[in-house]
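Can you make the complete structure from the sequences, with help from the hints?
As you go down the protein sequences, you meet chains A and B in turn. If you want the numbering used here, it's the 1-based position in the first sequence plus 7. Position 205 (the second sequence) corresponds to 188 in the numbering used here; numbering is contiguous.
Watch out, some of these pointers could steer you wrong.
Derived list of chain B stretches under chain A, where covered just means 3 residues or more per stretch with a C-beta under 8 angstroms from a C-beta of chain A [as the list claims (entries may be wrong)]:
1. 58 to 69
2. 252 to 262
Anything over 12 angstroms on all C-beta distances counts as not near chain A; from chain B, calculated [said to hold, decoys possible]:
3. 73
4. 86
5. 102
6. 105
7. 138
8. 174
9. 191
10. 211
11. 226
What the hints contain is simulated information worked out from the structure, not anything from laboratory work. The beta carbon of each residue, even a glycine, is placed where N, CA and C say it ideally should be.
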Amino acid sequence: MLSGYLVTVLITIGIYIILALSLNVITGYAGQISLGHAAFMGIGAYTSALLYTKAGFSFWPAFVLAGLVAGAVGAILAIPCLRVRDDFLAITTMGINFVIEAVFLYIPFFGAGMGIGGIDAPSLLGKELGKSAFLGLVLVTILLTIAADRWLARSWIGLGWAAIREDEQAAGAMGIDVVRFKVLAFTLGSAGAGLAGSLYAHFLTFIMPVNFGFAQSIVILSMVVFGGIGTLRGPIVGAIVLGALPEISRPAMEYRTLLYGILLLLLMRFQPDGILGDRSLVVRGSQRLLRSRRNVKATTDNGQLKTGQ
Amino acid sequence: MIWQQIANGIATGAVYALTTLGLTMIYGVLRVLHVAHAGVYALGAYAGVVAFRSSGSFWVSLVVAMAACALAGVLMERFLYAPLLHLPRIVPLIASIGLFIAMEEAFRIVAGPYALAYDAEIRFPSLALGPLRLSAPQSLIFTVTLLLLGLLWLLLSRSTVGLAMRATSMDADTTSSFGVNTRMIVTLNFAIGSALAGAAGALIGVYDNQVWPTMGSIPAYKCLAIVVLGGLGNIPGSVLASFLIGLAETLMIGIVAIPFPRDALAFVAMILVLMFRPHGLLGKG
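The structure is reproduced here in structure tokens:
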């Protein structure tokens, strides 16, 4: 059995993987910079917490509704985001994050500064899930997210997003409905964040506005960029490395945040594509390695062919 | 009472103006969202405290703060941003956030987590205009801001270097083809913008009589909102938006006592304005 501490760390990393993958849809595939992803995680967490503690819903419908509500709010907030681009979009999404955090913090219905407590772990067949079972639930959600990610990336939706990401005007001129694809990206990405938020709320059992602030958005975006934006492996590896970093660097507690900042800085300076991006050293190096091995194999094959003749 | 609030608003707006001005100048030539600008602002405050403790003069500490920040700005531009400019916008943005986090932590580790006093005695006449009275520190902030804005305006509009700076921010390639060393101009822009942030940090340090590691956290993001509100890269727009937000913030606390988060106001204003003017108040599309 895994120790309780390890399970807790793994669950946290797992939730970050879902967040990073969902942000990757918006920023990686559709190319729309979002600095406010934690707000949608917060919407999911608060939806789930309120439905559970005030409306008497059980976890499962609350979990699904958290995704739906976060997706719906994402779709609505995508509309102001459609009017702005690039740097304006980055700051608009940052602003949305600050405003949504302020709503949680100042409106008594959302528990204001005290947050919401008394959210229990989910139960299945009348039995409350233990930590290991909760980890299983997180893993299943990650697998579903990956499946959805693969399906989207390979469908014409993924192609549409790629076209918008590379050149929005050209995509529009080719007859791609830019507005619809952008709204779709924001909706799906936000829904994923909502599901992660619901898991987060039922894992921590209490939530506070500060959990969903701008700093959290930066953490999620850093994971996506760190691993390699626009790929499937990148956000997963980014979430694992940066999610484990606070635990690994526990001996250097005092310098933990400093290391984090310097790591981001150096990575962007020397590996701007992330550690596993398509143009990163690791990926290019392994491709070269594979290619040379294949070449060796090809020459020996040719050699055999010759001797056979 | 209301005049008191207006005086506070003017002082707040002046500090915002100094900070956002640097940010918008840097955006104008580099097209990067320089989040670490607020780290430079905090650096200015720390440099000011150190210089004040060893010299005992506020004016010396102000000059030292500006010089230290100008140097920091040049180093950032040369070693961090310049190699990243051809990459997608998100790369310099994340690098800047990383630098900002590292700077805040460096301040905490070097100078300690607690606030340092910056108790420069300000011998400065307090200004009065009818019922509007600015206290001595407020007058100082306002006067220094006006002075620096005036100098900047002279530089940009009346000198050859200023002409080159404006031309570079409009179209660097064409400017370069006219024989202007645009690399130098970009660096100069960064130095001046950072020096202004340093002045803002030193002034706010004296005004609040404290300097602490995360003093840049809120300005870092609020100033981005103000810059966008004014129109990214637009200098008069930034100044206008800074004073509007400074006044709105203090008046809202003083008069309408609604529990509205002060620091979210700039973002609400920005989002509302962007809905109708996607390039900000004075930005051109």
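Results for each hint:
| no. | hint | in the structure |
| --- | --- | --- |
| 1 | 58 to 69 | holds (count 3) |
| 2 | 252 to 262 | holds (count 6) |
| 3 | 73 | violated, 6 angstroms |
| 4 | 86 | violated, 8 angstroms |
| 5 | 102 | holds, 29 angstroms |
| 6 | 105 | holds, 33 angstroms |
| 7 | 138 | holds, 26 angstroms |
| 8 | 174 | holds, 21 angstroms |
| 9 | 191 | holds, 22 angstroms |
| 10 | 211 | violated, 5 angstroms |
| 11 | 226 | holds, 20 angstroms |
When each numbered hint is compared with the structure, violations occur for hints 3, 4 and 10.
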